[in-house]
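So in our numbering, spot 129 of the sequence shown is number 142, and the numbers just go up one at a time.
It is possible that some hints are incorrect.
To be verified - Calculated pairs, EDC-like style, for lysine to aspartate or glutamate (alpha carbon to alpha carbon, straight line, at most 16 Å): (1) 206 - 89; (2) 206 - 78; (3) 206 - 235.
Unchecked claim - Listed next, with one range per pair, are the computed distances between beta-carbon atoms: (4) 288 - 117: 21 to 27 Å; (5) 32 - 272: 42 to 48 Å; (6) 27 - 269: 20 to 26 Å; (7) 161 - 27: 33 to 39 Å; (8) 25 - 260: 29 to 35 Å; (9) 260 - 200: 36 to 42 Å; (10) 269 - 133: 22 to 28 Å; (11) 25 - 135: 40 to 46 Å; (12) 156 - 129: 20 to 26 Å; (13) 203 - 32: 23 to 29 Å; (14) 111 - 154: 18 to 24 Å; (15) 288 - 80: 31 to 37 Å; (16) 228 - 35: 17 to 23 Å; (17) 76 - 117: 33 to 39 Å.
Since the hints were made in silico from the structure, they are not lab data. Beta carbons are placed, not taken as given, at the ideal position from N, Cα and C, and that holds for glycine.
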Amino acid sequence: MIRVTDLSFRYPPLVPQGGGRLLLERLSFRIERGERVALMGPTGAGKTTLALILAGLVPMTTGGELSGEIYMAGYDVRATDPVQLSTEVGLVFQEAEQQLFNMTVEDEVAFGLEGLALPAAEIERRITWVLARVGLQELRQRPPWQLSGGQQKRLALASVLAMRPPVLLLDEPMAGLDPLGRRAIAALLDDLKAEQESTLLVIEQDAEWVARWAERVLVLHEGRIALDGPARQVLSEVDALRRFAIQPPQIAEVAAALSLPGQPLTSTEAAERWSDRAIERNDDAPSSVPTLQRSNAPT
């Protein structure tokens, strides 16, 4: 579904913060249909740039030197018009307001659907369906700029979901949100995870959430893939994560300090490992209960 081979990218020299230097260097990875993958890494590692490249927006909108092979949903990204690619690859920016420019919530969702030349009845059906799904059905006529940050994130996600792309790219969807907004976005991503209809690549720095949601984790550091593997394995690499400026899950840190087996990532898993360990120790320990001996002496 996503296939990247020897991807390298350099911004033009005049671009602020990184112009002229090699930002991404010889990246190669595959993400299969239906996988749920988290992309992590420190600020400046190139995570957002990679997402923009996968969506076909860079270098088209920025210039720069791009090399390597990039295939998304079977399309050669470098040879495909970004408008056509947008029907296969949905991208939600970290700053959601950057992709909201219509007068009302329903107009925002309808915009992409109208580009697909769908019948009016189908457009209306999808608008109703997706706004109900993200909890914005009561705000259909509200201007996007009057929404809260969390509502704007949900609207941006709704406008992408309505297109039903097989690949979804989300750039830190919970960044800057209050706890209520974070819970709403997390619930949506849990729903998408359960449905297993889309391939999901989510840029996210919250290791606690990643531990619960992702199947696999890619760590980008200084333009290269530093770690790539099952989420449990990668997030248990406490020392490595710290070197890459990623805060490990608290449970993983405790487990590493206590040498708990099984790489627990949640409090429930840690409690189970600790209980199993305690039982094993008790089984190995000599019994402290005295044994009664039958006496042969006369009474």
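Going through the hints against the structure:
{"no.": "1", "hint": "206 - 89", "result": "26 Å, violated"}
{"no.": "2", "hint": "206 - 78", "result": "35 Å, violated"}
{"no.": "3", "hint": "206 - 235", "result": "29 Å, violated"}
{"no.": "4", "hint": "288 - 117: 21 to 27 Å", "result": "54 Å, violated"}
{"no.": "5", "hint": "32 - 272: 42 to 48 Å", "result": "46 Å, holds"}
{"no.": "6", "hint": "27 - 269: 20 to 26 Å", "result": "45 Å, violated"}
{"no.": "7", "hint": "161 - 27: 33 to 39 Å", "result": "36 Å, holds"}
{"no.": "8", "hint": "25 - 260: 29 to 35 Å", "result": "33 Å, holds"}
{"no.": "9", "hint": "260 - 200: 36 to 42 Å", "result": "23 Å, violated"}
{"no.": "10", "hint": "269 - 133: 22 to 28 Å", "result": "57 Å, violated"}
{"no.": "11", "hint": "25 - 135: 40 to 46 Å", "result": "42 Å, holds"}
{"no.": "12", "hint": "156 - 129: 20 to 26 Å", "result": "24 Å, holds"}
{"no.": "13", "hint": "203 - 32: 23 to 29 Å", "result": "39 Å, violated"}
{"no.": "14", "hint": "111 - 154: 18 to 24 Å", "result": "22 Å, holds"}
{"no.": "15", "hint": "288 - 80: 31 to 37 Å", "result": "52 Å, violated"}
{"no.": "16", "hint": "228 - 35: 17 to 23 Å", "result": "30 Å, violated"}
{"no.": "17", "hint": "76 - 117: 33 to 39 Å", "result": "34 Å, holds"}
The structure is inconsistent with the numbered hints 1, 2, 3, 4, 6, 9, 10, 13, 15 and 16, although it conforms to all the rest.
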